[in-house]
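Chain A is already provided as a structure; the job is to place chain B on it using the hints.
Chains A and B, in that order, are what the protein sequence lines are. First residue of the first sequence: 1, per the working numbering; consecutive thereafter. First residue of the second sequence: 1, per the working numbering; consecutive thereafter.
What the hints contain is simulated information worked out from the structure, not anything from laboratory work. None of the values given here were measured: they were computed from a predicted structure. Hints are not guaranteed to be accurate.
[What the hints assert, rightly or not] FRET-style restraints, in silico, Cβ to Cβ:
{"#": "1", "chain 1": "B", "residue 1": "PRO412", "chain 2": "A", "residue 2": "ALA169", "range": "23 to 29 Å"}
{"#": "2", "chain 1": "B", "residue 1": "ALA17", "chain 2": "A", "residue 2": "ILE160", "range": "21 to 27 Å"}
{"#": "3", "chain 1": "A", "residue 1": "GLY295", "chain 2": "B", "residue 2": "ARG124", "range": "20 to 26 Å"}
{"#": "4", "chain 1": "B", "residue 1": "GLY74", "chain 2": "A", "residue 2": "GLU153", "range": "27 to 33 Å"}
Glycine included, C-beta positions come from ideal geometry on N, C-alpha and C.
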Amino acid sequence: MASLLPRALPRHLHPVAWWVWAVGLAVACSGTTNPLLLLLAVSVAALVVAARRGSSPWARAFRLYLFLGAWIVVLRVVLHVLVGYKVGQTRLYSLPSIDLPGITLLGPLYLEGLLAAAVEGLRLASLIACIGAANALANPKRLLRALPGALHEIGTAVVISVTVAPQLADSVQRVRRARVLRGEGGKGLRSVGRVALPVLQDTLDRSLLLASAMDSRGYGRRPEQAASARRLTGALTLTGLLGAAVGTYGLLDATTPPLVGLPVLAVGLLLCGGGLTVGGRAVRRTSYRPDPWAGPEWVVAGSGVLAAAAMLVVAHREPSAVVLPLGPLAPPALPPLAVVGLLVAALPAFAAPTPPVRGQR
Amino acid sequence: MSPHAAVVFDGVTIRYADSPAPALRAASFVVEEGELAVVAGRTGAGKSTLLGAVNGTVPHFTGGHLSGRVTVAGLDTRTHRPRDLADVVGVVRQDPLAGFVTDTVEEELAYTLEQLAVDPPAMRRRVEEVLDVLGIADLRDAPLSDLSGGQQQRVAIGSVLTAGPRVLVLDEPTSALDPAGAEEVLATLSRLVHDLGLTVVVSEHRLERIVGLADHVLLVHDDGTVTNGDPASVLAASPLAPAVVHLGRRVGWDPLPLTVRDARRAAHDLRTTLETVPVPDGAHGRAPAQDVLLEGSGVTVRHGDVTAVDGVDLALTDGEVVALMGRNGSGKSSLLWALHGTGTRSDGSVEVRSCRAGSGSAGPHPVTVTPVTVAPVSVAPVTVDPARESPAQRRRHVGLVPQSAGDLLYLPTVEAECRQADQEAGAAEGTARSHLDRLAPGVPGDRHPRDLSEGQRLALVVAVQLTAAPGVLLLDEPTRGLDYPAKDALARLLRQLVADGSAVLVATHDVEFAAGVADRVVVMAGGRVVADGAARDVLCDSPAFAPQVAKVLAPLRLLTVAEVDHALAAARPEPSVTAGGGR
Chain A
1 MASLLPRALP RHLHPVAWWV WAVGLAVACS GTTNPLLLLL AVSVAALVVA ARRGSSPWAR
61 AFRLYLFLGA WIVVLRVVLH VLVGYKVGQT RLYSLPSIDL PGITLLGPLY LEGLLAAAVE
121 GLRLASLIAC IGAANALANP KRLLRALPGA LHEIGTAVVI SVTVAPQLAD SVQRVRRARV
181 LRGEGGKGLR SVGRVALPVL QDTLDRSLLL ASAMDSRGYG RRPEQAASAR RLTGALTLTG
241 LLGAAVGTYG LLDATTPPLV GLPVLAVGLL LCGGGLTVGG RAVRRTSYRP DPWAGPEWVV
301 AGSGVLAAAA MLVVAHREPS AVVLPLGPLA PPALPPLAVV GLLVAALPAF AAPTPPVRGQ
361 R
Chain B
1 MSPHAAVVFD GVTIRYADSP APALRAASFV VEEGELAVVA GRTGAGKSTL LGAVNGTVPH
61 FTGGHLSGRV TVAGLDTRTH RPRDLADVVG VVRQDPLAGF VTDTVEEELA YTLEQLAVDP
121 PAMRRRVEEV LDVLGIADLR DAPLSDLSGG QQQRVAIGSV LTAGPRVLVL DEPTSALDPA
181 GAEEVLATLS RLVHDLGLTV VVSEHRLERI VGLADHVLLV HDDGTVTNGD PASVLAASPL
241 APAVVHLGRR VGWDPLPLTV RDARRAAHDL RTTLETVPVP DGAHGRAPAQ DVLLEGSGVT
301 VRHGDVTAVD GVDLALTDGE VVALMGRNGS GKSSLLWALH GTGTRSDGSV EVRSCRAGSG
361 SAGPHPVTVT PVTVAPVSVA PVTVDPARES PAQRRRHVGL VPQSAGDLLY LPTVEAECRQ
421 ADQEAGAAEG TARSHLDRLA PGVPGDRHPR DLSEGQRLAL VVAVQLTAAP GVLLLDEPTR
481 GLDYPAKDAL ARLLRQLVAD GSAVLVATHD VEFAAGVADR VVVMAGGRVV ADGAARDVLC
541 DSPAFAPQVA KVLAPLRLLT VAEVDHALAA ARPEPSVTAG GGR
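Okay, chain A solo, but in the shape it has when bound (with noise of 0.2 Å):
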């Protein structure tokens, strides 16, 4: 495989592939709560965003979700000695219980309880983790690129909200200074309505800025479809949508036929892509340099959906390997084809290409 040479040429890996690889890690995540597999998750996704993350904004934003997913963590647990429903044999220290119609908090407190809140909030927080590896290994904007046509207005609407986000935050920083200018504290609820409206009238002027250029650029140039496509997409992409949420209704309920399950999804989820093709067909555009998908492309999201199908096998064979034990307590165990399998997904850390070094100036 060329891909794994160490001399492959710095480039962006395909959005989506980054996405796959991403969204196994954390399929992998959302079936254990045992810590040391979630810890090790952690350490997967944060060693490959290390390695293979670019220079842009929302690459040296991993961290942000990092100390979102502690947060989370530290809240659960707080969540749990306030009004969580305490459980478990070795208590640790007794609060006085405050009853309420429905509710009682503090209480007594339980390791168990408080192993479960923690390994609860962690497995949130490696969901998180992933997330965030896959927002800052991918570009967003690169992988609105990669959406099919019809779905181009969406895409471009998340485009301007990508781009005027940020100044967003410059413009409420440069308010907020001239209001300090005008001698007031800058803080307390009532200065909140004064930011705002200048805030929000520069957001306006800014937004309808970039919709004016992009008019003028020829956004949206596109010759008027007929009426009986415009119908067929409309058809096809309602009936589709109804099928799919049948389809994972019958899928996610037991008592329903297994027709109504994963066949029902399938048909769906095809009429949705003849819909989006039809549509699509109107849309003319053309890609500078779209991004390829080969060898890498194929390793990364590969890694990803291995980690996630070597969970699930774990978690079917031995369901007690993948849980923290907690009647009685005992240390988590570490099944090994779940650990070969996060392994496997650190692989793009060396797998992947890195990613261009942007013009140093």
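Relative to chain A, chain B alone:
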């Protein structure tokens, strides 16, 4: 009317729904293929409307009613929307960052082509060509937000050039740039006009930069009518003219020179006449200042690991206007905010001499008396560090008008803003309004601040800041977007403030404005002060900062047309004047 004309306006009247008078009235003109037309006019006169109408943004995007006919390369904007004209008209606006859709230079250049569904090989070829034409090939991977203003504006031009338009429309492309960035963009424009034969329609406040390139000037009057003619004849009668044209009119040169080069060749006799007149001492002929009102020593500002201001010593004395100059990113704004005490100051000290440190005595000034007087000498002056004061106290010592001055305003009417300003400053009712009337008479009280002209809005912000009666006023780039009469009004206002005993520090790129208003000029580069001296010395000695009159009359050290006026008056008794002034 030639069938090949690039832009044809035929009796065009444009009226917006909520305004009583049309923005453009019966405008008829033709811009032929390969010409450069400069659109001039006061702010709010309808320049942007005219430019927007060229590619149909007005009225397709903005709304409003257009009567008459606009055709671009034979296509009627009535039936062609802006997006349909994307490969015929390229539009570049004032703030390049606001119009960027992608992240990097190369992607931005390709965006228009992607929308036009150009096939990938042709797309790559055109992107490469444009990279070369604009000399930005080395920036191809650079993130757009990391570029300097001039580079950003060149990328903006490139991003519309890739589509191969026949007409390029630019709405004040240099007004957000420093002189170096503006030069870059104008050099690019000149190259596009001369080498590629592109038709260009461009509006610009600082006509001195561009009028030398122009084939036409389209002067938009306040009532919306448009005069079209060759630059010399249009500018001969217009109040909107660069200093060199004013000089030419004053001395009576014919043909009227438009560039420093033309004027210098015509000015031989004038120079000999003026040689006999001694150069005035101060720029504004006043006594040297006595009292230091603000003193910063060793002021250092660090943002992360970037040192924006590096140990600057600066003292402001009463009765003097100091101009702070230097390229973008040289630390001017950071210094201003640090001196004011609101921005970060990593090191050094700032002391403001205050005669009313006790907050109780900070009461309102009587409105009838000149409002910005420093308190009587009998009160012992105290020095305070503005950064240690509360925001409300701070603005009684130092006022700051930031770059985007409109941020200070948030109420729906001028009247409400003035009342609020009085309350905030604890001043007598009507103080802010009286300041405003002094600065810009006749601003309607029920108008929304956003609907004011740039000059009026700036005056309102200055009035709000003056209501707190600070002894020192700092202004950051106040001339941006101001036309010549508004700049003159601002200069008069600043002179009046210092005559009342204040100190004023104004950061500006505009050398003509600095020449007209400043007693002292401080030049910053890389966070350090590289020059600090009398305006005449600093401005005349530097080729970059010399105003037009100084360039025309060098080695004579005169800065403005007004000074030439005085000098001529002084030289009048001598017989050689008539000859010197005549031709």
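### Unsatisfied constraints (hint numbers, rising)
none
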